[in-house]
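S.K.: Residues per chain, in single letters:
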Amino acid sequence: MCSMPKMLPHDLTRNQIDRLGDRLRKGHIVDDDLRLLDSYRRSFSNSYEKVVGRIRNELGLNPTGRPQKTNTSIMEKLRRQSIRLSQMQDIAGCRIVVSDILTQDEVVERLKTLFFHVDIDDRREQPSHGYRAVHVIVEDSGKLVEVQVRTSLQHLWAEVSEKLSGVVDTSIKYGSGDEDILIILNTMSHKISEQELAEAVHLRIMASDDTDEDEEFLEGPKLPEIMLGRLSIARMLDAIVEVIPRLKGRDQ
Amino acid sequence: MIFLIQYDRQADRLISIESFSDSERSKAQDLLLSLELQLNQNGADKEVVLLEAESEDALRITHRRYFEDLSELLNPPSSIREPSLHSR
Numbered sequence: 010m011c012s013m014p015k016m017l018p019h020d021l022t023r024n025q026i027d028r029l030g031d032r033l034r035k036g037h038i039v040d041d042d043l044r045l046l047d048s049y050r051r052s053f054s055n056s057y058e059k060v061v062g063r064i065r066n067e068l069g070l071n072p073t074g075r076p077q078k079t080n081t082s083i084m085e086k087l088r089r090q091s092i093r094l095s096q097m098q099d100i101a102g103c104r105i106v107v108s109d110i111l112t113q114d115e116v117v118e119r120l121k122t123l124f125f126h127v128d129i130d131d132r133r134e135q136p137s138h139g140y141r142a143v144h145v146i147v148e149d150s151g152k153l154v155e156v157q158v159r160t161s162l163q164h165l166w167a168e169v170s171e172k173l174s175g176v177v178d179t180s181i182k183y184g185s186g187d188e189d190i191l192i193i194l195n196t197m198s199h200k201i202s203e204q205e206l207a208e209a210v211h212l213r214i215m216a217s218d219d220t221d222e223d224e225e226f227l228e229g230p231k232l233p234e235i236m237l238g239r240l241s242i243a244r245m246l247d248a249i250v251e252v253i254p255r256l257k258g259r260d261q
Numbered sequence: 043m044i045f046l047i048q049y050d051r052q053a054d055r056l057i058s059i060e061s062f063s064d065s066e067r068s069k070a071q072d073l074l075l076s077l078e079l080q081l082n083q084n085g086a087d088k089e090v091v092l093l094e095a096e097s098e099d100a101l102r103i104t105h106r107r108y109f110e111d112l113s114e115l116l117n118p119p120s121s122i123r124e125p126s127l128h129s130r
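Protein sequence lines correspond, in order, to chains A and B.
My numbering numbers the first residue of the first sequence as 10 and each following residue consecutively.
My numbering numbers the first residue of the second sequence as 43 and each following residue consecutively.
Honestly, I wouldn't trust all of these hints.
Said to hold, decoys possible - Far from chain B, by Cβ distances over 12 Å, these chain A residues were calculated:
hint, residue
1, Arg63
2, Arg88
3, Phe125
4, Ile129
5, His144
Said to hold, decoys possible - Just a sample of chain B residues kept apart from chain A, beta carbon distances all over 12 Å, derived:
hint, residue
6, Ser58
7, Glu60
8, Ser63
To be verified - Lysine-lysine pairs mimicking PhoX-like chemistry, simulated, CA-CA at most 20 Å apart:
hint, chain 1, residue 1, chain 2, residue 2
9, A, Lys78, A, Lys121
10, A, Lys152, B, Lys88
11, B, Lys69, A, Lys86
None of these hints come from the bench; they were simulated from the model.
Built from N, CA and C at the ideal position, the CB exists for glycine as well.
Only chain B is shown next, with the shape it has when bound in the complex (with noise of 0.2 Å):
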């Protein structure tokens, strides 16, 4: 799945995400270009990025800080506080 993410830094908010299928990269990334553009055009200071993973899950785990804000980010999940030390 691709997924478009506007986020705020400042503000540390996630302002909007929309999901395509596979096969919509090119209009994922043509809506990408629109956002560039007219955050040009306002000047405003936002993050747009594209990112794709097997699921909503997996990118909230590989990127937390879109999702998290700081409070939450600085009280990571158990499995930081009590790693899985069997053996492999």
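Isolated chain A, as found in the complex (with noise of 0.2 Å):
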């Protein structure tokens, strides 16, 4: 029978979160540091109710909450990077996941108006290894809450790497692990890329109402290539498939 949740007080020192984030590091974990790092998650309860609330009152939007990070998440981010615990910018977020890059980019711009304090984190120019989205970091009452904007697209990789850091792996995420599956993945982050950018100009062509722009739809891309490289990405995702067995075979 496990012992149940006693609450510490919410006002931690920045001294005392990183010593408690150095001791996790580490990884012998006691019960009385796994309820002080829960006391410190809810911290940012006010501030995440108030950015999410924000985000569906004012923005008209759904995003998906994630009101506190996992304890693991937290011990394996504190393990892989030299970060330390105060400084963790995702303790508490939200998940918004839209058509393309073009709303992609308007619910970005709507998100900095709205929010007085925000860093921008665009991972579309800067993959992390083959991640792509656009993270907007909103400060209040000095906490942080991430809100991840993704396209569809984006989003399927996304959820496509994590299941196979779990499932085969726990290195691809970061990068690392078998080859065939990082090639796959890399080529389709890249392909992806692309393909929202060519799906872009055709969005933007078909938005437009100037006859001048009869010109760049002749040079724009065609609704076949269009669906011709939504099939490369999907192909990519049977190539994954075809190497699973393999990887399976190869831990048995």
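Fit chain to chain and form the complex, with the hints in mind.
M.R.: This is the structure:
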């Protein structure tokens, strides 16, 4: 039978938080440290509620919230990076999935207007091991809340990468592990980027009433090319399906 | 709605999902901590996470990996293969 949660005060000092982070990094986890970590995570609740509430009510969007990062994710991040616990920007956060990069840009702009203190981490230009998205870090009352804005294709890539990390090899998500999988994921990430840019041009042309753009339309990506691009992304998923049995066989 | 999810990453299996109303946040947070303490004592390598969404359907879109196994995830919905490219 596990012990019941014991509440601890929310006003931890930065020094206490970072010493807790150092202990978690070492890996020997005692219950009191988990309680302390939980107390720290809960100290983000008010800011989280405020930020997500404003996104829902004032922007009319429906983010999925993750009010507190899992303790295993926090510990893995502490071990992977030379980051202090008090510096971690994603203890609380939410995710918005949109259809295309034009809508993604629009949502990011609206978030920048809605919140006074924001930092933009655009991982479309500088992907993190193939991961593409825009993270908007909102500061509220000294607490940071991370808003992930992904397109459906970027989200698909992220979900596949995360799943493969869980099922096949935890290091895949961070750019290590089986070469074949990494090559497919990297190629797919590049292809998604190209595809989304082509679709954005197409959408812009479709939305334009300006007949002067007829010439641009002739030069822009055609619908069959766009559909073929989508098909090639789907084929990359099929390529992963083909690699998986070999990886599972290797583990047996 | 608030959802408390238990997931076995290695087995690629959703163990449980429990829902709470928005007013039950503290209760869900307490339960999450209880599970985390339990897992720590048992040395079990499971994931427990608290998520909030308008509905379970919305959650199934933004966090597909908890609900679909690898083969399902690699067979994306038709919206991925055939995007909507109407003018905005």
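S.K.: Hints the structure violates: just list their numbers, smallest first.
M.R.: Of the numbered hints, 9, 10 and 11 do not hold.
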